[in-house]
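In terms of the working numbering, the sequence shown has 171 at position 10, counting the first letter as 1, and numbering is strictly consecutive.
I should point out that these hints are in silico values taken from the structure, not numbers from a laboratory.
Hints are not guaranteed to be accurate.
As the list claims (entries may be wrong) - Cβ-Cβ distance ranges computed for the label pairs, FRET-style:
| hint | residue 1 | residue 2 | range |
| --- | --- | --- | --- |
| 1 | R190 | H214 | 15 to 21 Å |
| 2 | R199 | G168 | 31 to 37 Å |
| 3 | D174 | S208 | 29 to 35 Å |
Beta carbons: idealized from backbone N, C-alpha and C, even for Gly.
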Amino acid sequence: MLTAPAGEHMIIDAHAHYTSAPPQLQAYRGRQISTYARPARARFQISDDELTHSLQGQFKRMDDWGIGS
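With these hints in hand, go ahead and build the complete structure from the sequences.
Here it is, written out as structure tokens:
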């Protein structure tokens, strides 16, 4: 366990990479990148529920490793 010296606060900055992105999100990012020089409004074809579901495993791993919120 990490501890801060007496009278001081410890600040831990942690982040994680979104490695469980669903295929629809990867396709959307691919379209964004391929049209970088000529941007246009693109449809994001994934629901909030699908995004939330895709993050659950990531959140669980963070919690298991002690870096969750």
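Structure-based check of all given hints:
For R190 and H214, the Cβ-Cβ distance of about 18 Å falls inside the hinted range of 15 to 21 Å, so the restraint holds. As the Cβ distance of R199 to G168 is approximately 57 Å, the hint placing it in 31 to 37 Å is violated. For D174 paired with S208, a C-beta distance near 31 Å keeps the hint of 29 to 35 Å intact.
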